[in-house]
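*Asks:* Construct all of the structure, not just a fragment, from the sequences and the given hints.
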Amino acid sequence: MDPRSEVLLRQAELFNGPLLLAGLPADDLLGQLPHARGWSWHAGDQQLLEQRFPDRTYLGVSPAAGDYSSAVLFLPKSRELTAYLLHALAANLQGGELFLVGEKRAGVERAAKQLAEFGKARKIDSARHCQLWQIHVEQAPAQPQLEELAQHYSLELADGPLKVVTLPGVFSHGRLDVGSALLLEHLDDLPNGHILDFGCGAGVIGASIKRRYPQSRLTLLDVDAFAVTSSRLTLAANNLQAEVIIGDGIDAAPDNLAAIISNPPFHQGVHTHYQATEHLLRQAAQHLQRSGQLRLVANSFLKYPPLIEQHLGPCQTLADANGFRIYRADKA
Numbered sequence: 001m002d003p004r005s006e007v008l009l010r011q012a013e014l015f016n017g018p019l020l021l022a023g024l025p026a027d028d029l030l031g032q033l034p035h036a037r038g039w040s041w042h043a044g045d046q047q048l049l050e051q052r053f054p055d056r057t058y059l060g061v062s063p064a065a066g067d068y069s070s071a072v073l074f075l076p077k078s079r080e081l082t083a084y085l086l087h088a089l090a091a092n093l094q095g096g097e098l099f100l101v102g103e104k105r106a107g108v109e110r111a112a113k114q115l116a117e118f119g120k121a122r123k124i125d126s127a128r129h130c131q132l133w134q135i136h137v138e139q140a141p142a143q144p145q146l147e148e149l150a151q152h153y154s155l156e157l158a159d160g161p162l163k164v165v166t167l168p169g170v171f172s173h174g175r176l177d178v179g180s181a182l183l184l185e186h187l188d189d190l191p192n193g194h195i196l197d198f199g200c201g202a203g204v205i206g207a208s209i210k211r212r213y214p215q216s217r218l219t220l221l222d223v224d225a226f227a228v229t230s231s232r233l234t235l236a237a238n239n240l241q242a243e244v245i246i247g248d249g250i251d252a253a254p255d256n257l258a259a260i261i262s263n264p265p266f267h268q269g270v271h272t273h274y275q276a277t278e279h280l281l282r283q284a285a286q287h288l289q290r291s292g293q294l295r296l297v298a299n300s301f302l303k304y305p306p307l308i309e310q311h312l313g314p315c316q317t318l319a320d321a322n323g324f325r326i327y328r329a330d331k332a
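Using full-length UniProt numbering, you'd call the opening residue of the sequence shown number 1 and step up by one each time.
Don't read these hints as lab results, they were simulated from the structure.
A couple of the hints might just be wrong.
Calculated lysine to aspartate or glutamate pairs in the EDC-like style (CA-CA distance at most 16 angstroms, straight line) [unchecked claim]:
no.	residue 1	residue 2
1	Lys77	Glu109
2	Lys123	Glu103
3	Lys104	Asp2
4	Lys163	Glu147
5	Lys303	Asp320
6	Lys123	Glu109
7	Lys331	Asp255
*Replies:* See below:
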């Protein structure tokens with residue numbers, strides 16, 4: 001059981017009515033709170049929860065309409081995403097109760113100050129290195145419009161400016177990260193055919209590929225619903241069309257790919273998390289056609305080449321700069 005869920009269950013008497021759990025972990029909390037429903041924006045968590053609790057959770061970027069009288073937000077990493085989620089929940093809770101739970105090291109006490117906009121916040125429990133806060137929503141705000149919270153910036157690329165649209169909570173919100181900047185410089189000579197942008201984020205890499213290789217079929221894949229929505233907005237801003245899908249890692253990817261291009265994630269919440277990338281490296285060959293190519297950027301301290309060579313083929317370093325490396329391997 002996640003420690004945040006354990007803190008909630010210490011106060012289970014507060015959650016006897018219709019309850020929405022936003023950003024809940026994939027544990028047994030729904031089994032312990034029979035009147036609760038879950039809202040997730042992480043495809044992996046949603047998949048696990050749906051298997052155990054059919055029709056009690058949903059995946060998306062906004063809360064579904066419901067008659068719940070209280071809601072709990074499990075603190076996300078991003079302060080901007082926290083603000084959006086609190087507004088989105090409070091908008092449906094006039095006269096109801098809004099709770100915030102999170103780890104101390106994730107900044108839950110600081111985030112609790114964001115509750116003050118909707119009522120007087122009070123800490124009702126502290127255990128398992130977590131805190132639980134509560135407010136009574138005295139004045140519900142208007143439902144926030146997610147696209148109005150997007151940040152826009154433009155990249156000057158060799159083939160012209162590329163417009164990028166990022167939403168709260170998406171990796172490198174409002175700016176280009178160093179790894180993606182290096183990868184953008186090494187997208188030459190991609191093979192013809194179906195190309196996958198794995199871990200697409202705001203769609204920077206995918207949109208650039210589609211513009212440079214317009215005849216290629218392109219799929220963008222991410223585990224996060226806010227990232228998938230951002231990618232769609234970025235493609236639309238540049239008048240580009242591609243398939244954008246949400247799924248839990250490389251297992252959700254199409255087969256018979258000509259290339260997999262990735263700036264893979266290695267954080268989940270506040271935790272360092274390499275599992276998705278390591279699974280990508282182990283399974284990439286299963287999704288690539290013969291002579292298909294894997295090209296990715298990674299922090300130079302990560303020992304990925306042995307894993308790439310074990311499961312795919314000889315690994316070539318195309319670039320090494322600013323603490324990042326570009327790796328390429330072709331399926332034998």
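*Asks:* Each hint needs a verdict: does it hold in this structure or not?
*Replies:* Right, here's what the structure says about each hint:
1. Lys77 <-> Glu109: Satisfied, since the Cα-Cα distance of roughly 13 angstroms is no more than 16 angstroms.
2. Lys123 <-> Glu103: holds, 13 angstroms
3. Lys104 <-> Asp2: holds, 14 angstroms
4. Lys163 <-> Glu147: Distance ~15 angstroms between Lys163 and Glu147 Cα, so the pair holds.
5. Lys303 <-> Asp320: holds, 14 angstroms
6. Lys123 <-> Glu109: holds, 9 angstroms
7. Lys331 <-> Asp255: Answer holds: Lys331 to Asp255 is near 13 angstroms, not above 16 angstroms.
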